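S.K.: Those protein sequences? They're chains A and B, same order as listed.
If you read the first sequence in the working numbering, its first letter stands for residue 1, the second for the next number, and so on.
If you read the second sequence in the working numbering, its first letter stands for residue 289, the second for the next number, and so on.
Do not rely on the hints blindly, as some may be mistaken.
[As the list claims (entries may be wrong)] For lysine-lysine, the following DSS-like pairs were computed, each having C-alpha atoms within a straight-line distance of at most 25 Å: (1) K584/B with K132/A; (2) K584/B with K483/B; (3) K483/B with K132/A.
[Unchecked claim] Example chain A residues on the side facing chain B (calculated, C-beta under 8 Å, incomplete): (4) R7; (5) L42; (6) G149; (7) P151; (8) G236; (9) G237; (10) P238; (11) A240; (12) F254; (13) G256; (14) F257.
[Said to hold, decoys possible] Derived list of chain B stretches under chain A, where covered just means 3 residues or more per stretch with a C-beta under 8 Å from a C-beta of chain A: (15) 492-499; (16) 666-675.
In case anyone wonders, no lab produced these hints; they're calculated from the structure.
Nothing here was measured: the structure is a model prediction, and the numbers come from that model.
Yeah, the Cβ is synthetic: ideal placement off N, Cα and C, and Gly gets one too.
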Amino acid sequence: MRGQVPRKTIFAFIGPAVIGLAVVGIAPLLYAVWTSLHFYNLTKLRRVEFIGLENYWTVLTDEAFWQAMGRTFFLLGTALPLQIALGLGIALVLHQPGLTLVKTLARLSLVLPMATTYAVVGLLGQVMFNQKFGVVNQLLGGADINWIGDPENAFAMIIFWDVWQWTPFVALVLLAGLTMVPGEVEEAARLETKSKWTVLRYVQLPFLLPGLVAVLILRTADTLKLFDMVFTLTRGGPGASTEFISLMIQRVGFRGFDQGLASAQAIILLIITIVLAQIYIRVFYKEV
Amino acid sequence: MKNLRNLCYSAALAGAMATGAAADGHGWSLKDAAAPYAGTTVDVVFLLRPGYEAIEAMLPAFEEETGIKINIIKHPYENALGEQVRDFVSGGDLDIALIDLVWIGNFAENEWVLPLEEVQAKFPDAVDPDLDIDDFFPLVLNAFGGWNDTVYGLPFDNYSGLMFYNRCMLEEAGFDGPPETWQELKDVYGPALTKDGKYAFALQSKRNETQSADSFARVLWPFGGSFLDADFKSNLMSEESQAGLQFRQDLMQYMPDGIVAYDHAETVNAFAQGDVAMITEWSAFYSSVVSPDTSKIADCVEIAPEPKGPAGRKPALGGFSLAVASQADEDEQAAAYLFIQWATSKANAREYLERGGVPARQSVYTEDGLEDFKFVPALVESWQDGVPEFRPRFAEWPEITEIVQEWGTKMMLGEVTTEEGAQEIGTRMEEVLEDAGYYSGDKRLAQ
Numbered sequence: 001m002r003g004q005v006p007r008k009t010i011f012a013f014i015g016p017a018v019i020g021l022a023v024v025g026i027a028p029l030l031y032a033v034w035t036s037l038h039f040y041n042l043t044k045l046r047r048v049e050f051i052g053l054e055n056y057w058t059v060l061t062d063e064a065f066w067q068a069m070g071r072t073f074f075l076l077g078t079a080l081p082l083q084i085a086l087g088l089g090i091a092l093v094l095h096q097p098g099l100t101l102v103k104t105l106a107r108l109s110l111v112l113p114m115a116t117t118y119a120v121v122g123l124l125g126q127v128m129f130n131q132k133f134g135v136v137n138q139l140l141g142g143a144d145i146n147w148i149g150d151p152e153n154a155f156a157m158i159i160f161w162d163v164w165q166w167t168p169f170v171a172l173v174l175l176a177g178l179t180m181v182p183g184e185v186e187e188a189a190r191l192e193t194k195s196k197w198t199v200l201r202y203v204q205l206p207f208l209l210p211g212l213v214a215v216l217i218l219r220t221a222d223t224l225k226l227f228d229m230v231f232t233l234t235r236g237g238p239g240a241s242t243e244f245i246s247l248m249i250q251r252v253g254f255r256g257f258d259q260g261l262a263s264a265q266a267i268i269l270l271i272i273t274i275v276l277a278q279i280y281i282r283v284f285y286k287e288v
Numbered sequence: 289m290k291n292l293r294n295l296c297y298s299a300a301l302a303g304a305m306a307t308g309a310a311a312d313g314h315g316w317s318l319k320d321a322a323a324p325y326a327g328t329t330v331d332v333v334f335l336l337r338p339g340y341e342a343i344e345a346m347l348p349a350f351e352e353e354t355g356i357k358i359n360i361i362k363h364p365y366e367n368a369l370g371e372q373v374r375d376f377v378s379g380g381d382l383d384i385a386l387i388d389l390v391w392i393g394n395f396a397e398n399e400w401v402l403p404l405e406e407v408q409a410k411f412p413d414a415v416d417p418d419l420d421i422d423d424f425f426p427l428v429l430n431a432f433g434g435w436n437d438t439v440y441g442l443p444f445d446n447y448s449g450l451m452f453y454n455r456c457m458l459e460e461a462g463f464d465g466p467p468e469t470w471q472e473l474k475d476v477y478g479p480a481l482t483k484d485g486k487y488a489f490a491l492q493s494k495r496n497e498t499q500s501a502d503s504f505a506r507v508l509w510p511f512g513g514s515f516l517d518a519d520f521k522s523n524l525m526s527e528e529s530q531a532g533l534q535f536r537q538d539l540m541q542y543m544p545d546g547i548v549a550y551d552h553a554e555t556v557n558a559f560a561q562g563d564v565a566m567i568t569e570w571s572a573f574y575s576s577v578v579s580p581d582t583s584k585i586a587d588c589v590e591i592a593p594e595p596k597g598p599a600g601r602k603p604a605l606g607g608f609s610l611a612v613a614s615q616a617d618e619d620e621q622a623a624a625y626l627f628i629q630w631a632t633s634k635a636n637a638r639e640y641l642e643r644g645g646v647p648a649r650q651s652v653y654t655e656d657g658l659e660d661f662k663f664v665p666a667l668v669e670s671w672q673d674g675v676p677e678f679r680p681r682f683a684e685w686p687e688i689t690e691i692v693q694e695w696g697t698k699m700m701l702g703e704v705t706t707e708e709g710a711q712e713i714g715t716r717m718e719e720v721l722e723d724a725g726y727y728s729g730d731k732r733l734a735q
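Please model the entire structure based on the sequences and the hints provided.
M.R.: Put into structure tokens, the structure is as follows:
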């Protein structure tokens, strides 16, 4: 059948998408690769020169880059398990039969955090976690906790907001996975055992795995490029305590104007993201 | 009839003076000079600060007089450099460059702005004979608008660091005036004023330009330190620089917790709420702290020059000039020059001041009736004692300030000692300067 379709038709259907992808995705990527191989500082454009892999070497031997990377993965390692645990709990509650109206309202309300603009979340955080006037300290009985100016507290605050914003996403994905479990299979399992854990582990979990892998990939990519919320909330501070990798790239590229070095950082980040996504798929993903 | 004629004459004169359009003895008028450029639109970046609101409020008079439209693009300070760099690199629309004093080397070396003399030679009919460039405070003109002995921009939004103090809190603690020296502030005022949830002092130290300019540099200079020595090597390990940086660490016990998260807004707010007795802030924030709408202590606010250190006062110096962009076409350049000249003119300085701006014209501060502007004597004194290279103004500053911001904050948090932090900043700063060609002799040692 495929051979009977004229090539022109194939190109007509696929061409626009390929051209669109090339223009908005591949061309900038190639430009970033080109930039990363040059000394390319926006304020010194007269000095643009090919320097081979020097920018990559600078990045790979830069302690600050790896510290930022470490902070990013620490955030991922703390926030993501919390999001999955809380998201699974919410999904299981919403999967229970009955209370249709309440569950519908709950599902709708889950969308709200995700719909909130990242930068606005950061600004909200600035107000709510203000040491003197913030509602958080008021709710803690008038506590005098310095959230934004203390490195550990600032990091905890970022974790809180990330969990607040993205747990609903995980919950909705897992809820979708739970609805994929055939009713008769789940019902039969419940007749076999009273253990909810056994049902979850052997009946529901296989259906959740594709969603979980998607969550892992998306949340990993999101965390690696987490910028807006942190920028408006702490701007990477105090010190460098919340300077995640994307903030560092922005700082180098748009505040130091060293686009070559920032491009090298971004390319390395891209490679790490792709490798992680492949690992997730190979290790966790299984067809049901 | 005579009275009516006099009244009409006075009103007409006042109106003309207000717009700076008064034809002088040379027969020059803004209206005539602008006639060839009527209908031209001039694009300029403004900040969200009182000085810009002041000139914006005065703008209708200029536009009506000249037919030139000023298109203002507003940005917070932190975005202003990036937006302008991207615009100039890509040959964008900006016709005027708004230049912080630490950007002047960058803008001049990249030839994004035209030297003032070149503009005046190009458009001789646009030059107001009453421009009187010598009327600008020399320090301010040199630091904000000059680079390598060439004037590019005219000082527009002008700051000096001043000490804002809460007279009521000081009197309650038994002081009849502010501290004269930094040492006195720490040793005498600090313990007496830090109690019951109130603090003696707040030094805005957020990790952005505030950390470099308002916090780090502020303690270097009065103690005799500096970023660089005469050979452009780091001077941060010198005894004087270290004394200043260590002083900041010691002073932190009299500041609110989390001072490293305080930007201008938080600091001014803490002062205006009566939580902090003294702050060293830019003159531009005067209107905020004396307005009952934004300040609980409006009646208690007094202004003094910044305290002295062992090396003298050396107050913080900051501010912006406006310069004609080289990328603009000829009509836009002429129109831009007319606007800059008008906005910074002697004729408009008083109105600019009264609307919340801080002009850099010496003449306006000699006028009568400035009693309401308590900051004027301290400001004028500060502009005699300031150092143009308070922060180096060369093109490499954007890279160096990032290093200072990171390690300066780490020092304050106690993550590194002042020696370790200064060593790290010095090493990295020298790498940037070496890469730029200062040590090989490719670039003149100008800051």
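S.K.: Check each numbered hint from earlier against the structure, then list the numbers of those it violates in ascending order.
M.R.: Failing hints, ascending: 4, 16.
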